[in-house]
Amino acid sequence: MNEDDEESRGLVRWVHGRLHILIGIAGLVAWFIMLWLMFGDVL
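Using the numbering used here, read the sequence shown as starting at 1 and increasing by one per residue.
Misleading hints may appear alongside valid ones.
As the list claims (entries may be wrong) - Derived CB-CB ranges, DEER-like:
id, residue 1, residue 2, range
1, V42, R13, 43 to 51 Å
2, R13, D41, 25 to 33 Å
3, H16, L37, 30 to 38 Å
4, F32, L11, 21 to 29 Å
5, W36, H16, 26 to 34 Å
6, M34, V12, 25 to 33 Å
Calculated directly from the structure, the hints in this document are not laboratory data. Even for Gly, the Cβ is constructed at its ideal location relative to N, Cα and C.
Take these sequences, add in the hints, and give me the full structure.
What follows is the structure, encoded as C-alpha cells:
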C-alpha cells in the first residue's frame, strides 16, 4: 500500500475516534447560535 492510503486511513480513524467530541462541539455551537438568534436583541 502507498503512503497516501495509510495517511487517509489514519485521518478517518482519528475522526471516527473523536466523533463524539466533534458532535458535542457542533451541538454547543448550534445552541449558542440559537440563543443569539432568539435573545440577541435583548442581550
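Right, here's what the structure says about each hint:
1. V42 with R13: 43 to 51 Å: For R13 against V42, whose Cβ atoms are near 45 Å apart, the range 43 to 51 Å holds.
2. R13 with D41: 25 to 33 Å: Once the Cβ atoms are compared, 45 Å apart, the range 25 to 33 Å for D41 and R13 is violated.
3. H16 with L37: 30 to 38 Å: 32 Å, holds
4. F32 with L11: 21 to 29 Å: Given range 21 to 29 Å: holds, Cβ gap about 28 Å.
5. W36 with H16: 26 to 34 Å: 31 Å, holds
6. M34 with V12: 25 to 33 Å: 31 Å, holds
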